[in-house]
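2 protein chains.
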Amino acid sequence: MAAPEIERLIKLIGRLPGLGPRSARRAALSLMKHRESLMRPLLEVLEACRDKVAPCRRCGNLDTSDPCAVCTDPQRVKSVVCVVQEVEDLWAMERSSAYRGQFHVLGGTLSALDGRGPDNLAIGSLLARVEAGGIEEVILALGATVDGQTTAHYLAERLRPFACSITRLAHGLPLGGELNYLDQGTLDAALQARARLD
Amino acid sequence: MAAPEIERLIKLIGRLPGLGPRSARRAALSLMKHRESLMRPLLEVLEACRDKVAPCRRCGNLDTSDPCAVCTDPQRVKSVVCVVQEVEDLWAMERSSAYRGQFHVLGGTLSALDGRGPDNLAIGSLLARVEAGGIEEVILALGATVDGQTTAHYLAERLRPFACSITRLAHGLPLGGELNYLDQGTLDAALQARARLD
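These protein sequence lines are chains A and B, in that order.
To convert, note that position 161 of the first sequence is 160 in numbering that gives the first Met the number 0; the numbers rise steadily by one, no gaps.
To convert, note that position 88 of the second sequence is 87 in numbering that gives the first Met the number 0; the numbers rise steadily by one, no gaps.
Bear in mind the hints are in silico, worked out from the structure with no lab data behind them.
Where hints are given, some of them may not hold.
Repeated chains share a single entry, so a pair holds when one copy, or any two copies, can fit it.
[What the hints assert, rightly or not] With a straight-line Cα cutoff of 27 Å, these simulated DSS-like cross-link-like pairs (lysine-lysine) come out:
#: 1; residue 1: Lys77; residue 2: Lys51
#: 2; residue 1: Lys77; residue 2: Lys10
#: 3; residue 1: Lys51; residue 2: Lys10
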């Protein structure tokens with residue numbers, strides 16, 4: 000009904016996560032209405048990202064430099080590697096700013112359902128990094144899902160031969176969480192891992 | 000925290016309607032992960048839209064031709080003009096396919112709060128179109144909001160001197176609407192405009 004270019008723009012925007020056909024239409028119209036203030040800068044930055052951003056060959060983070068800014072930061076601890084599923088998880092860890100070590104992005108989890116085996120993830124490169132030495136701890140910061148925990152156990156098994164400690168994030172109450180809204184599994188985990196107050 | 004290009008991409012995507020900072024981050028990552036299947040085609044179609052799409056000088060519709068495909072369609076009735084607020088409303092009318100006449104996009108409503116007066120809307124060009132003759136009916140298809148209805152009354156006043164009938168969309172129950180979920184205003188309007196069944 001609209002011009003084919005417009006229909007195609009709506010369709011492509013609708014393929015972004017979190018956007019349905021209705022919001023894609025609104026976004027496309029907003030772009031075409033705000034040509035100078037929105038469409039032109041978006042085009043420029045998309046081109047810049049296409050030309051400059053690439054995955055870090057060392058840790059899998061997305062950055063304009065390779066190795067990435069995290070890998071080359073001299074202020075960061077070199078002996079700890081935090082293994083995450085995706086780049087967004089790396090960003091989440093960085094936002095918390097409680098962690099100042101290295102990262103390794105797996106690119107997902109093992110998943111029998113989706114047919115993802117160890118060869119589809121960045122596991123070989125993780126083992127190579129640990130084997131190269133200098134790493135004292137590997138933190139498996141994977142999701143508390145079935146696939147995430149399966150992957151964590153698999154990685155722990157593969158990392159066992161190396162002389163580094165292997166840890167995972169604690170399970171328990173999220174801050175602000177109320178007991179009567181919490182699922183039983185989390186409550187069990189929080190109870191088992193209870194800490195002394197004295 | 001991420002590269003400045005990435006942060007800028009997230010910020011710009013976050014300025015699209017319906018996208019918060021969280022979904023903007025997901026969308027930006029999705030673009031960078033699916034470079035060939037998503038980012039490249041999106042760049043191409045954005046460039047095509049930037050270069051080709053412009054508002055129709057006659058009706059305000061967005062299209063790759065000027066006058067637009069609706070204005071130049073020989074199959075469409077020329078003597079009826081449907082006045083809508085925005086291009087998305089024109090598209091909504093076109094999706095319903097119950098209407099086969101001309102359009103006129105106002106570009107919004109009168110709004111004392113937002114400081115939009117008659118000069119900020121495409122009212123002069125509407126009056127010129129009606130004055131040029133050949134138009135028998137102007138349908139004011141504006142939103143059933145305070146601003147929409149104020150604008151409709153203002154337009155009706157301005158159009159009164161011309162020899163054309165002025166109509167508005169019916170108010171009443173939306174299809175599938177249940178009475179006990181309906182606001183009082185709609186119910187009153189539906190009752191007043193009740194139709195005979197015999």
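Any hints from earlier that this structure breaks? Give me their numbers in increasing order, please. Violated hint (a single one): 2; every other hint is consistent with the structure.
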